[in-house]
Structures are given as C-alpha cells and as structure tokens.
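J.: Going by the working numbering, the sequence shown opens with residue 5, and the numbers climb by one from there.
Heads up, some of the hints might be wrong.
[To be verified] Here are the computed distance ranges between Cβ atoms for each label pair:
no.	residue 1	residue 2	range
1	Val83	Val50	21 to 27 Å
2	Thr37	Thr71	28 to 34 Å
3	Leu30	Val53	34 to 40 Å
4	Thr37	Asn11	26 to 32 Å
5	Arg15	Val57	38 to 44 Å
FYI, nobody ran anything at the bench for these hints, they're computed from the structure. Backbone N, C-alpha and C define an ideal beta-carbon position, used for all residues, glycine too.
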Amino acid sequence: MTEQPFNPQLRAARFLPRTIITARTLPTLRVLTKLTRRARRPDAQVVSVDADVSVHVFRPASARPRTPALLWIHGGGMVLGDAAQDSRFCRRIADQAGVACPFT
Numbered sequence: 005m006t007e008q009p010f011n012p013q014l015r016a017a018r019f020l021p022r023t024i025i026t027a028r029t030l031p032t033l034r035v036l037t038k039l040t041r042r043a044r045r046p047d048a049q050v051v052s053v054d055a056d057v058s059v060h061v062f063r064p065a066s067a068r069p070r071t072p073a074l075l076w077i078h079g080g081g082m083v084l085g086d087a088a089q090d091s092r093f094c095r096r097i098a099d100q101a102g103v104a105c106p107f108t
C-alpha cells in the first residue's frame, strides 16, 4: 500500500500523552477550569434559548444588519470545560474575519 492512512505531518502526535484526564486528575482539572472562568469572558451578547441553554454572540465592530456568521459549537462539557472557554477564540474570529460568531 503506497497511500498514507493519515497526514504525515501528524506523525509527531504519536508522542503526545494518550490520557490526560483520568479519575485521579479530573478533580484538579475541574478546579483549574473554574479558576480561569473569570479571565475568559469578553463582551459577548448572551441570548437565552431556554432555562438551561444560552447562546453567546460576538459581532465584529463593523457588523452590518445581515452579517455572515460562523457557528462555533463547543465540543465538551460533559466531563470538563464549558462553552465560555472558547470565548476569546470566538471574539478573535469575529474581529479578524468580520463575521458574527455565535457559540454554545
């Protein structure tokens, strides 16, 4: 077989730790995640969908009424983290790409 089953640039990933979150490390990681929450909440508009669901929306400074958008879906939270941990990233997308960036 001459075809590579994965991108050759990913070879370095084989040296990354295989398990970062374990039953032993999870409590500490949860505490550290909560401590960083204060520093990662830039100026998002928060829209409540229902009692348990909210959407945070970043808009570029030059937002028009029909600004294009990139929907960012946080892929975690069941074990560790929350959507707000991506807020700085979403703010940067909105500013640099000139799009609204709602995330949940």
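J.: Hints first: check each against the structure and report whether it holds.
T.: Status of the hints after comparison with the structure:
1. Val83 with Val50: 21 to 27 Å: 24 Å, holds
2. Thr37 with Thr71: 28 to 34 Å: Holds, at about 31 Å.
3. Leu30 with Val53: 34 to 40 Å: 29 Å, violated
4. Thr37 with Asn11: 26 to 32 Å: 30 Å, holds
5. Arg15 with Val57: 38 to 44 Å: 40 Å, holds
The structure fails hint 3 only (numbered hints given earlier).
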